[in-house]
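Chemist: Each chain, letter by letter, is given below.
Number of protein chains: 2
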Amino acid sequence: MPLAAYLWRRIRQLGVQSIMGVPGDMNLELLDYLDDDGLEWVGNANELNAAYAADGYSRMKGCPGVLVTTMGVGELSALNGVAGAYTEHVKLIHIVGTTGTGAQKARAMIHHCLGPNPDHRIYSKISGPVRMAHCWLDNAKTATAEIDRVIRVCYLKSLPVYIFVPLDFTHVPVSASSLDQPLTITPQTDDDACASAVNAVIDRIAMSKTPSIVVDTLVHRFGATSILNRLLDQLDIPTFTTPMGKSIVPEDRSYFHGVYNGQVSLPGIASAIEVSSDLVIDIGFLHSDSNTGGHSRLLTRVFQALTTDPIPRNLLRRRIIHLPTPSVPSDEDAKHITQSWIWKRIGAMAQPGDIIIAESGTAQFGFSDAVFGPGVQYITQIYFGSIGYSVPACLGAAIAQREMGSEAASQRPGRTILVVGDGSLQLTVQEIGTMIKLGLKNIIIVVINNNGYTIERAIHGPERGYNDIATWNHQLLLNTFGDKYGKVNSRVVNTKESFEKVISSPEYLDLASIQLLEVIMDKMDVPWRLKAQIDLINQHNTRITKQDNGV
Amino acid sequence: MPLAAYLWRRIRQLGVQSIMGVPGDMNLELLDYLDDDGLEWVGNANELNAAYAADGYSRMKGCPGVLVTTMGVGELSALNGVAGAYTEHVKLIHIVGTTGTGAQKARAMIHHCLGPNPDHRIYSKISGPVRMAHCWLDNAKTATAEIDRVIRVCYLKSLPVYIFVPLDFTHVPVSASSLDQPLTITPQTDDDACASAVNAVIDRIAMSKTPSIVVDTLVHRFGATSILNRLLDQLDIPTFTTPMGKSIVPEDRSYFHGVYNGQVSLPGIASAIEVSSDLVIDIGFLHSDSNTGGHSRLLTRVFQALTTDPIPRNLLRRRIIHLPTPSVPSDEDAKHITQSWIWKRIGAMAQPGDIIIAESGTAQFGFSDAVFGPGVQYITQIYFGSIGYSVPACLGAAIAQREMGSEAASQRPGRTILVVGDGSLQLTVQEIGTMIKLGLKNIIIVVINNNGYTIERAIHGPERGYNDIATWNHQLLLNTFGDKYGKVNSRVVNTKESFEKVISSPEYLDLASIQLLEVIMDKMDVPWRLKAQIDLINQHNTRITKQDNGV
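Going line by line, the protein sequences match chains A and B. UniProt numbering numbers the first residue of the first sequence as 1 and each following residue consecutively. UniProt numbering numbers the first residue of the second sequence as 1 and each following residue consecutively.
One thing to keep in mind: the hints can contain errors.
Note: identical chains are not told apart, hence a pair may lie in one copy or across any two.
[Claimed, not checked] DSSO-like, lysine-lysine: derived pairs with alpha carbons at most 27 Å apart:
| id | residue 1 | residue 2 |
| --- | --- | --- |
| 1 | K501 | K335 |
| 2 | K437 | K523 |
| 3 | K523 | K484 |
| 4 | K335 | K523 |
| 5 | K125 | K157 |
| 6 | K335 | K531 |
Keep in mind the hints are simulated off the structure, nothing from the lab. Remember, predicted model here, so these are calculated numbers, not experimental data.
For reference, chain A alone in the conformation it holds in the complex (with noise of 0.2 Å):
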């Protein structure tokens, strides 16, 4: 069979069914054997956007997202969302079209080429920190292994891997096969060093009297949450969540108590871990700052444990933690939309099969003190923290929650729900477009409207030119990325009363079409966590400064 269809076939396996991208002239034959396997081309507005939402796609399905670019132009205007993924352990396959190998050896300045006398691979050199794999599919008899050997990478580190096609290889005739046996993905264990691992976490939760859980990312990305949850349920042990762990685990559990933030966690709870607890299981850890307060944990005994065996009885070592109610924030009263009380709200009105995406700025900040119920899905990208992501990962998540609506017919059609501030929605906005063309009806986008990057205002120069935007007018959005009835589809809001009124409508509860929410919110107001975060990073900065000074 030709070697794109081999590719394709072999990505269709993996239960792919959507590949991001935007077409060049480098790789518009690769793409014509997508049909073949009834692969569905997304085809994004731009290369960014569609890393961004093969990023979305994967957290949602668990396999990979896929996209294709054009070497050069598109490759690299797609660099920064393989970058996110890697950072946030997110699996992306990333095909890209090059020129045919004859140009490359002649090192021919063909379009899209680097300078004078250019070295066509340069691109991939350029993109080797952000991936795991790489291949160059130029060689017909060993191009099949390399696929899968990519793959298996992919799968198994769970990070980005690269596939460079020559355009004169897209149709070589290749063997076929390896393809009668799915890729094994699963990692090989070593029974001996499970089983040893396995007793010495039993050792410890039998010596313990008060231990704790914290569930952490890296649960989620090695598609490990569900064999979690069953252990969890059986140990009963308090349980925590990091930021990025959110939605990891069902929140209406009765030992689970919120999420752990080092400092910036609600009262109660980082004394609760790091002082009553004699035993901290730290699972799926991802230590970057904006997942601990700013490496605010105070924690010294930490070790990672994973297993699915029965519980014997005598690991459990049921808790109740009973944490202090949270102050009641001063603006409790107000009837404007405030900080203290947009993410809860928006929390509280997701249902089972939802999904909640959060952009960087406020909405990550504040969504850590909204209670999900169970059933729902957080996607945010707090590590990396590009801002611009979240749209486009809305489009990856919808796409997929699609997909997986149609697998799983029985259950009610769950709804996207992407919080974007005015200021982020400007890098990606053009995305939407194609949520309209795709015919995506699950989605409701909810642009916090608050003059420009509060978030930056809060951390330096509140009323600087710098972090104003442009004045978009949000009520057009839909109507001018095609959407007929965008007009009626689009409303904005700045009372809570209001807000609620159109949250409750029959519109909201049962999507019937994608839906635009302006909410106006004062460019002044933050999370109290994102207070006390700064608060934390300018004492420390200050601590490092007088360091530096030998104080």
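Keeping the supplied structure of chain A fixed, place chain B upon it in accordance with the hints.
Modeler: Only chain B this time, still in chain A's reference frame:
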């Protein structure tokens, strides 16, 4: 003075007035010093757009375009725009605000870093191939010399450079003494070598009976346009430009004979140069495929020369070349707007001081047929050919035009005429919001609406779904992005007559506001040059395939 103040003062001395970029927590304090030197912060919608805008600004003003981003997320998003500047020899200074040196040494997992145990300087390695020089401002003693060094390289090579500013060095005091004299940015020349080069050229011309001159893009990039034009006027030798060199030579000169693009040229041009000339002077060349008719130039005698000395009489080789009249296009009489008509028409509508920006795609191929009046400047990205370039480049050029207009207030204010297809527009559309935010009134946006990626339909898969795009309502774009009078300023035309009427209206001749003109064209109509180039490539590929197969 503080380090950041030195940096901006030096940049202001170069003639730079506007700074592109997106604010981020790692560059905010750097931006605080902008005002001190009267520099204006543009505030782009995203970083790729900022890089493209800086590129357009530099092409117009001759000084570097400057952009500011945040480590990682912003820096990588801009990479493709910087790569384009590198490939097309445009001066850029990319300033990146990074984590502090303490966090770098500790390899702390700060947001925007890459993976676990992160090397904070990994991104500066990634961008190595797309720049000519860089510096890290992490030493107060050497910082000012480092700034001066990389700016000098930026000019001497006409290529991008990077300046990395760690957070903790923004305010450190540095010596301001070197600011007293402007930076030396002209190359040191060896007088003897120069004289012998000039003599060599003079000798060759003296020996030649039928010389021709081909003017290419690097003349513009190295700031030699006016010097060269004085020389051309004296020499009065038949002169051509390449597609990338177009608009460097005033097209009303009797010695100017059009665009030389290998076999993809108007009738008679290739043979006038390749057959009838005994000497071809190829000045400032850049021999990429799309600048040479797909490498179809048949030249054996090529060399490069440039002099400003008075030309000896015996060098005059005045020669009138009589080119055959191009054949009349078969759709000459069409009432609807055709590819064979529109480019010449837009070329003719441009007046002295106007800029035409053409997007990659049909516009870029089509404009080689247009004749520009004197004082019309042309910007397009032919070698790198990244779709989406033109919209932000238009912003940058329009800003430069406004600045240059106020510097030379006597002239009629020029217009920036952007010509972009509906497909390419989608990649970077949000930069229209920045044009409106800045109150730029000198812009006409011509959107060629031909229902998708027409250039790709011509290359492969004319009816394939991957060449379709989301259907937008272009008439709402100005309103959406903040122009209150956007409705009045937006028009759609589908006949030559209605197009004529709009472009000759007072609103278009004397711009008081940004204008958008949507031009409906057939999705399968393409410029003859595009078709000719594709035919050549296909012939070439067939030949290569036969060679590969031993035929």
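Chemist: Would you pick out the hints that fail for this structure and give their numbers low to high?
Modeler: Hint check: nothing fails, all pass.
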